[in-house]
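*Asks:* Now for the letters of each chain:
There are 4 protein chains.
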Amino acid sequence: SIRARMLISCPDKAGIVAAVSQFLYEQGANIVQSDQYTMDPEGGMFFMRIEFDLQELESRLPSLQEDFNRISDRFSMRWSIFRAARRKRIAIFVSKEDHCLVELLWQWQAGDLDAEISMVISNHNDMRGLVESFGIPYHHIPVTAETKAEAEQKQRELTSGKIDLIVLARYMQIVSPKFIEQYHNRIINIHHSFLPAFVGGKPYQQAYNRGVKLIGATAHYVTEELDGGPIIEQDVQRVSHRDNVNELKRMGRHIERIVLARAVKWHVEDRLLVYQNKTVAFV
Amino acid sequence: SIRARMLISCPDKAGIVAAVSQFLYEQGANIVQSDQYTMDPEGGMFFMRIEFDLQELESRLPSLQEDFNRISDRFSMRWSIFRAARRKRIAIFVSKEDHCLVELLWQWQAGDLDAEISMVISNHNDMRGLVESFGIPYHHIPVTAETKAEAEQKQRELTSGKIDLIVLARYMQIVSPKFIEQYHNRIINIHHSFLPAFVGGKPYQQAYNRGVKLIGATAHYVTEELDGGPIIEQDVQRVSHRDNVNELKRMGRHIERIVLARAVKWHVEDRLLVYQNKTVAFV
Amino acid sequence: SIRARMLISCPDKAGIVAAVSQFLYEQGANIVQSDQYTMDPEGGMFFMRIEFDLQELESRLPSLQEDFNRISDRFSMRWSIFRAARRKRIAIFVSKEDHCLVELLWQWQAGDLDAEISMVISNHNDMRGLVESFGIPYHHIPVTAETKAEAEQKQRELTSGKIDLIVLARYMQIVSPKFIEQYHNRIINIHHSFLPAFVGGKPYQQAYNRGVKLIGATAHYVTEELDGGPIIEQDVQRVSHRDNVNELKRMGRHIERIVLARAVKWHVEDRLLVYQNKTVAFV
Amino acid sequence: SIRARMLISCPDKAGIVAAVSQFLYEQGANIVQSDQYTMDPEGGMFFMRIEFDLQELESRLPSLQEDFNRISDRFSMRWSIFRAARRKRIAIFVSKEDHCLVELLWQWQAGDLDAEISMVISNHNDMRGLVESFGIPYHHIPVTAETKAEAEQKQRELTSGKIDLIVLARYMQIVSPKFIEQYHNRIINIHHSFLPAFVGGKPYQQAYNRGVKLIGATAHYVTEELDGGPIIEQDVQRVSHRDNVNELKRMGRHIERIVLARAVKWHVEDRLLVYQNKTVAFV
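Residue numbers (the working numbering), protein chains in the order written: chain A, 793 to 1075; chain B, 793 to 1075; chain C, 793 to 1075; chain D, 793 to 1075.
Any given hint could be a false lead.
Any copy, or any two copies together, can satisfy a pair, since identical chains are not distinguished.
Here are the simulated lysine-lysine pairs, BS3-like style, with alpha carbons at most 30 Å apart [to be verified]:
| no. | residue 1 | residue 2 |
| --- | --- | --- |
| 1 | K888 | K805 |
| 2 | K954 | K994 |
| 3 | K805 | K1041 |
| 4 | K805 | K954 |
| 5 | K1070 | K1041 |
Since the hints were derived computationally from the structure, they do not count as laboratory data. On a predicted model such as this, the values are computed, not experimentally measured, just so you know.
Please take these sequences and the hints and turn them into a complete structure.
*Replies:* Here it is as structure tokens:
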């Protein structure tokens, strides 16, 4: 494949688009898609995502990246280039609820999720059969209060250097600050409420108690603050007084899986930038 | 008109529907629409809304209500009957934002809101021309920290015995517990967020800061707890990182007016029952 | 289980609700949910769905049904009673697209679809492994222009008397009028457009050509008129000029599976009545 | 104001973005927003919208436009530049239904519609009071079969050279091919269905007869083919078997006004390009 994607963020200034597009043109690249966002033309931040095609991409990319330093230095850019053919490697963490996992597996199998699902890690053994039927390794790492540190050590060994993205697909364990730091903005969690409403445990019970008329789900990057990380995607579903907590859970499963799948798709397609605990989502 | 509506709530028990419908049949009424909801067939609460037609309704209603006591006693019912022709009288309270007011006036003029808008009360004089052009009395009652009690006294004099429903259409003043008590479950407020997220002031600023991907609005009955009363209706609108606070406000205005108008419509059509800080909405 | 569901349709007339609910009460049944719809109080049709609980349902149901004849005769009713415990038996017909099938299997396994998936019939062999992994029999019945009649004969043998509902989950063959007649209002098809727009083949290509801004899917009962049967459920998804036909197909798959699953769920829960090529959906 | 917008379409080719952005940079312009769309990187069409700020815009724009010819010639571009401060002048055509008109007037008054509503033309006199209360000239031009040509002549005299956009806000008359040609891609109509379903008259009646579960509205540019022009925006609303034709009309009014207002807003903000009977909508 000759397709690559570029993500850039820097303070806004006249001439950025011209410099970047002129650079790519001189390198022989053809811009296929380009999105940009300026927080404020007067001194705000500037964000950009470019998809481009370049013949002999693999061999020419190193020098292109080298050459781009003169542009990035001029504009104080933070930037990355990703080859589309280098699919991101995902580890899915799961506990006992399977709906989010199943959706990801299925979209992946249908070719809708352009990534590699490298492994599934669970604190239970329930989904081994399902996961292995997709040809994906399944690692059962039980977690108790006593073994938490040890379990995380095992998780780290399995994933370090082999995984680009961790997806918490209804994984009912808190991950440690150390782990979060290692995968900074590379752990996506699905929370089963419309955040910031109903942070923490039992959000459907909370939603039922409050009598809301819509329930929601939120996919977000994990930070140290519980359910407080940058929001990637949210969606909602209408409910009524007739729906008890179990019915809310049932309806919620459908939103959770759709919302999580979208967020993962956007991440692996390099559509997300994080700035000040918010996401810029070029979707 | 021969149309009436009946709202009933009582502990659930076998035979309620039979007793009520048999009673209405014997009275000569024809059931046109009927909704019911059982929280739990084993000892939960039962709620019912019936629309029926009865010839010579006005003259026969008193004896029908009298006779219904034997049914309501048997099932320990709380109940009310409303004549559809007796349109509810609304006082709209408003400050400086006009979009919710305009929507209500316009739906009312289009015949979509089957009620009487008896007066508009405002702590500003800005919308007098607009309101009076609809032939509706406009009362300017300024409110300051010093005159708050006095202002509310004036509001009470204007509305007492003349008003069935108070609508706070972006009225930026807190109403007193005493006033709330007088209009128990008869004051509807529009809050410009998806409650319980972003309680209190500046919800769009809060939403922007949190980086949510949907903004919402909530219509609820007013109780003493700020933004904590029974939710009647909610809706949301997709937003993106591109939308600044002003854009959120602009988009939010459209949701606010739709959500508030729906809630008011349901109230005046006797579609709402309140139980344990939640609404049963037969819509 | 003691739960039963009753579906009634008849010309509207005063006293129906009273008669039915009084009857059920006398039989010892407790009404748990009841919905009704009157096309027109003056001489229109009346439709009703009642859920009720009755102790010793199975043994008492025959006499209840017998006794109900005096009510149904009085009001010229068409009616049915279904025991909730008697789960409907489904045959899913599928060709090469698996997304609708997978959704049904998965909702069924999750307990969201209260039915029995008795068999899957396909004109291809591709999904045998998937289906059999759920413990469901898979019948491969190839269909060509020459073998069409013979193939349908086999389908009829497999299903006759053993199946309550046929679901065409992207089955790319026309079923014969004879087959349709045998399963009158018991064959559900998913059409991949917002009917009546884009009847017939290649609806996503048609949608792309027309430049619509929303794509949709429609679940309907199959009648002799192609894509012309009673609509059960529809939904849509926003698209843009950026989405080519393949992208429309990809997005469409998600709507198709959700819409079909809803329609099947409503059918097996006895929530659907058909009248004059339209559905009354008590949902 | 220093803000301008540029719309470009041309065959795709490497270097377009670079050439345009480099050109603007050299002219001293700062790109604030830029969107692009490539139908196919291999020989498809390329579309671009750029918002930029340029000091002393008014005096420098003529030479900038002059200079841009060397770029546009190189890439065979069709292009336009619009000053944001030069608000588009709208003539709204209306008959007896006022909801779309009212929404436009109200959004305009609220500052959400950055345009000039120069006049309202109607074949009835009903809305004179409303329109004139906004300070907008109202022209009553009756239309009968006999006076049709003459009426259109009057419309043309009123609008020629003074109007940039015609909005048919539920104007129940067919406009002539000659008129359409004069305002090529500058007449927006609201059709009260989800096109291409229910082309022509009485779409709500058609929708009711077909038993659809969603109703919709479509804003499109007017071409000679009835309801066949490029679609700008569509939206839908859930309905049920309970909603009769009048109720569909009532609910539909809310979708119609929202959809039309969005389309008009996008047009006046220069967000729409038409290509092969479809719109590219940079929104």
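*Asks:* Look at each hint and say if it fits the structure.
*Replies:* Hints and how they fare:
Proximity of K888 and K805 under a CA criterion of 30 Å is satisfied in neither setting, with 50 Å inside one chain copy and 38 Å between copies. Taking the shortest Cα distances, K954 and K994 never come within 30 Å of each other, neither inside one copy (33 Å) nor across copies (42 Å). In this assembly of identical chains, K805 and K1041 lie within 30 Å of each other by CA distance solely across copies; the values are 28 Å between and 48 Å within a copy. Proximity of K805 to K954 under the C-alpha cut-off of 30 Å is found in neither arrangement, the shortest distances being 38 Å within a copy and 38 Å between copies.
In this assembly of identical chains, the alpha carbons of K1070 and K1041 lie at most 30 Å apart whether taken from the same copy (27 Å) or from different copies (19 Å).
The structure shown violates the earlier hints numbered 1, 2, 4.
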